[in-house]
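Engineer: The lines below spell out each chain.
Number of protein chains: 2
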Amino acid sequence: MSDGTLAHPMGRPTLEEVARVAGVSRATVSRVINGSPRVSADVLAVVEKAIAELDYVPNRAARSLVARATMSIALVVPEDAHRFFGDPYFADVVQGISDRLDDSDYVLNLQLTHPSSPSEKTKRYLLGGNVDGALVVSHHSGDHFLASLGRSLPVVFGGRPLGDVANPGDYYIDVDNRAGARRGVEHLVARGRRTIATITGPADMPASVDRELGWRDALTAAGLDAGRVARGDFTEAGGIRATLALVDAHPDLDALFVASDLMASGALLALEERGLRVPDDVAIVGFDDSPYATRGKVGLTTIAQPAQQMGVVMADTLLRLLAGENPPHVTTLDTHLVERDSA
Amino acid sequence: MSDGTLAHPMGRPTLEEVARVAGVSRATVSRVINGSPRVSADVLAVVEKAIAELDYVPNRAARSLVARATMSIALVVPEDAHRFFGDPYFADVVQGISDRLDDSDYVLNLQLTHPSSPSEKTKRYLLGGNVDGALVVSHHSGDHFLASLGRSLPVVFGGRPLGDVANPGDYYIDVDNRAGARRGVEHLVARGRRTIATITGPADMPASVDRELGWRDALTAAGLDAGRVARGDFTEAGGIRATLALVDAHPDLDALFVASDLMASGALLALEERGLRVPDDVAIVGFDDSPYATRGKVGLTTIAQPAQQMGVVMADTLLRLLAGENPPHVTTLDTHLVERDSA
Numbered sequence: 001m002s003d004g005t006l007a008h009p010m011g012r013p014t015l016e017e018v019a020r021v022a023g024v025s026r027a028t029v030s031r032v033i034n035g036s037p038r039v040s041a042d043v044l045a046v047v048e049k050a051i052a053e054l055d056y057v058p059n060r061a062a063r064s065l066v067a068r069a070t071m072s073i074a075l076v077v078p079e080d081a082h083r084f085f086g087d088p089y090f091a092d093v094v095q096g097i098s099d100r101l102d103d104s105d106y107v108l109n110l111q112l113t114h115p116s117s118p119s120e121k122t123k124r125y126l127l128g129g130n131v132d133g134a135l136v137v138s139h140h141s142g143d144h145f146l147a148s149l150g151r152s153l154p155v156v157f158g159g160r161p162l163g164d165v166a167n168p169g170d171y172y173i174d175v176d177n178r179a180g181a182r183r184g185v186e187h188l189v190a191r192g193r194r195t196i197a198t199i200t201g202p203a204d205m206p207a208s209v210d211r212e213l214g215w216r217d218a219l220t221a222a223g224l225d226a227g228r229v230a231r232g233d234f235t236e237a238g239g240i241r242a243t244l245a246l247v248d249a250h251p252d253l254d255a256l257f258v259a260s261d262l263m264a265s266g267a268l269l270a271l272e273e274r275g276l277r278v279p280d281d282v283a284i285v286g287f288d289d290s291p292y293a294t295r296g297k298v299g300l301t302t303i304a305q306p307a308q309q310m311g312v313v314m315a316d317t318l319l320r321l322l323a324g325e326n327p328p329h330v331t332t333l334d335t336h337l338v339e340r341d342s343a
Numbered sequence: 001m002s003d004g005t006l007a008h009p010m011g012r013p014t015l016e017e018v019a020r021v022a023g024v025s026r027a028t029v030s031r032v033i034n035g036s037p038r039v040s041a042d043v044l045a046v047v048e049k050a051i052a053e054l055d056y057v058p059n060r061a062a063r064s065l066v067a068r069a070t071m072s073i074a075l076v077v078p079e080d081a082h083r084f085f086g087d088p089y090f091a092d093v094v095q096g097i098s099d100r101l102d103d104s105d106y107v108l109n110l111q112l113t114h115p116s117s118p119s120e121k122t123k124r125y126l127l128g129g130n131v132d133g134a135l136v137v138s139h140h141s142g143d144h145f146l147a148s149l150g151r152s153l154p155v156v157f158g159g160r161p162l163g164d165v166a167n168p169g170d171y172y173i174d175v176d177n178r179a180g181a182r183r184g185v186e187h188l189v190a191r192g193r194r195t196i197a198t199i200t201g202p203a204d205m206p207a208s209v210d211r212e213l214g215w216r217d218a219l220t221a222a223g224l225d226a227g228r229v230a231r232g233d234f235t236e237a238g239g240i241r242a243t244l245a246l247v248d249a250h251p252d253l254d255a256l257f258v259a260s261d262l263m264a265s266g267a268l269l270a271l272e273e274r275g276l277r278v279p280d281d282v283a284i285v286g287f288d289d290s291p292y293a294t295r296g297k298v299g300l301t302t303i304a305q306p307a308q309q310m311g312v313v314m315a316d317t318l319l320r321l322l323a324g325e326n327p328p329h330v331t332t333l334d335t336h337l338v339e340r341d342s343a
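Sequences listed follow chains B and A, in order.
Going by full-length UniProt numbering, the letters in the first sequence line up with residues 1 to 343, in that order.
Going by full-length UniProt numbering, the letters in the second sequence line up with residues 1 to 343, in that order.
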């Protein structure tokens, strides 16, 4: 679907060409496409490389003759169970997807895969006709497999694919992370804060990158320094570590923009540990408006993002693709500021 | 597998008999067994009823000719996303299952289904050759579908199937909930507590039933009254409601045995709301030793259960069944008391 529709242009590469480039038989390519468990990891890699090079798209009509519809949709989450269960963001997205699929004939097939990239067996499973389509969240920019999955079956991403692995034909639902972050930092500036650091998520995730850009936008517009950055990992422990590093390196810090409420919850603990008051000494703005925003001693001012709505729209977009419709390639959801006590 | 092995006794019912009893064609029964999406819900129900009545087990060798191995294992969780993500017990079980499957060729296919019983589409999916086996947790006693799933494919339960839907050939991993609960209540009795209420989980779940029995065992052995019971639902909000009801009905209450840490976390909040001190006025023992045991103002004394280990053993047992081995039908894991400040 790199051309963005279910129809394919004339002159597309054939299965025979894939076999020739890969140096294997036609039957072997067919086995890879149909996910036979009898393909070795080496052969799988060679054939996948050839498929990627040629931008080969299996003929859906031909496939449907050998592989019946599974009536199942994968949700691929390249995170370990600890992080998946630890961040309420995922619960909201899954709830939204489930709600939308309840009105369909499809079941949800949740695939927790290894952080950063799926294992070989998961790749084989997803390419093997076991699901009719896939939803992908929490993907990382280095993951070429997930980025190219849209060549083999209908895929909708939650959050735009990043960098060199993005394809023009990708379908994705995103949150306006950059504008949301900018709004949060503008709020801190309006409250008179001048030395505003940020705690980001991993550098290979679009939500991290965009929220950092929004933080930078607001500081630049206000003529303030945008040099205080600590890298977090979207966990509470990571928020604690990053905050301790920031306050120790920058004793003049008077505000923090933190890229998730879970990390901001860690920031609250770390500031308490250092004897700093929130918001008197250090003001905080988080991101999510998750249950963590109201769980600590100080209510978090935060940027609310519609995670459940993202799940609904992701599922809806995929169902439309599976029904042969042409949904928009990109849907962007808005955020808004929720004021509490921390800023 | 109602006879408890992968081999079947002679004279077992045939597909033809199922068709005769159901009043449908042989091809229709075959479609049901192979999960064709073209079977109506009515026909599915009639054929499933006939399969259950005859205790029919599809011939595995014959099936493998038409349905290749999927190399995937379902984890069926009949809970909504809110409860699944809200209780750290599930995160631990999933982590354990994932850890064990990492060393296998199988992928984990997580199926969140409707509370109390899977939807028709999920039933069809599970019976339709889309998974090679299933793990089931958080099942409820009224769920005849999940209880009979073991007739159609290898199934391992986390927690024993309850009551009239239990089959002698079931495979399950359980925690010694009754002994654990008894140990927790004995601890309260040893601390001089005399009016000890309990907050249970749902009445249709084995963990709830067994923990209530253990509470009763300890009170009976100590000659104390076992009349103070409030029904909870394994959520924090349910723990708050049940605690308020108990302290309002029984002002002399001096201790609570709560069947999960998440509910006990709610109990702490409710007691604070009523101005009661923990443990001075009311002592609490929870169950799980989850992160909630250490999250509140007062550390919870609790019965630790090995949830991650349960996941590991469930997956291991299913892998052994899939490999044609004969693992034990029942494995029971031990619990132990963890003392903190609440009792």
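Hints may be right or wrong, so weigh each one.
Simulated pairs of lysine-lysine, BS3-like, Cα-Cα distance not exceeding 27 Å [stated by the list, open to error]:
1. B:Lys121 with A:Lys121
2. B:Lys121 with B:Lys49
3. A:Lys297 with B:Lys297
4. A:Lys121 with A:Lys49
Honestly, the hints are just simulated from the structure, not real lab data.
Keep in mind that this is a model prediction, so the values were computed, not measured.
Engineer: Now tell me if each hint is right for this structure.
Structural biologist: Taking the hints in turn, this is what the structure says about them:
The straight-line distance between the Cα atoms of lysine 121 of chain B and lysine 121 of chain A is roughly 26 Å, inside the 27 Å bound, and the hint therefore holds. A threshold of 27 Å between alpha carbons decides the hint, and for lysine 121 of chain B with lysine 49 of chain B the separation of about 16 Å falls inside it, so the pair holds. Restraint check for lysine 297 of chain A and lysine 297 of chain B: satisfied, since their Cα atoms lie roughly 11 Å apart, inside the 27 Å limit. Distance restraint check for lysine 121 of chain A and lysine 49 of chain A: the Cα-Cα separation of roughly 17 Å lies within the 27 Å cut-off, and the hinted pair is therefore satisfied.
In summary, this structure violates none of the numbered hints.
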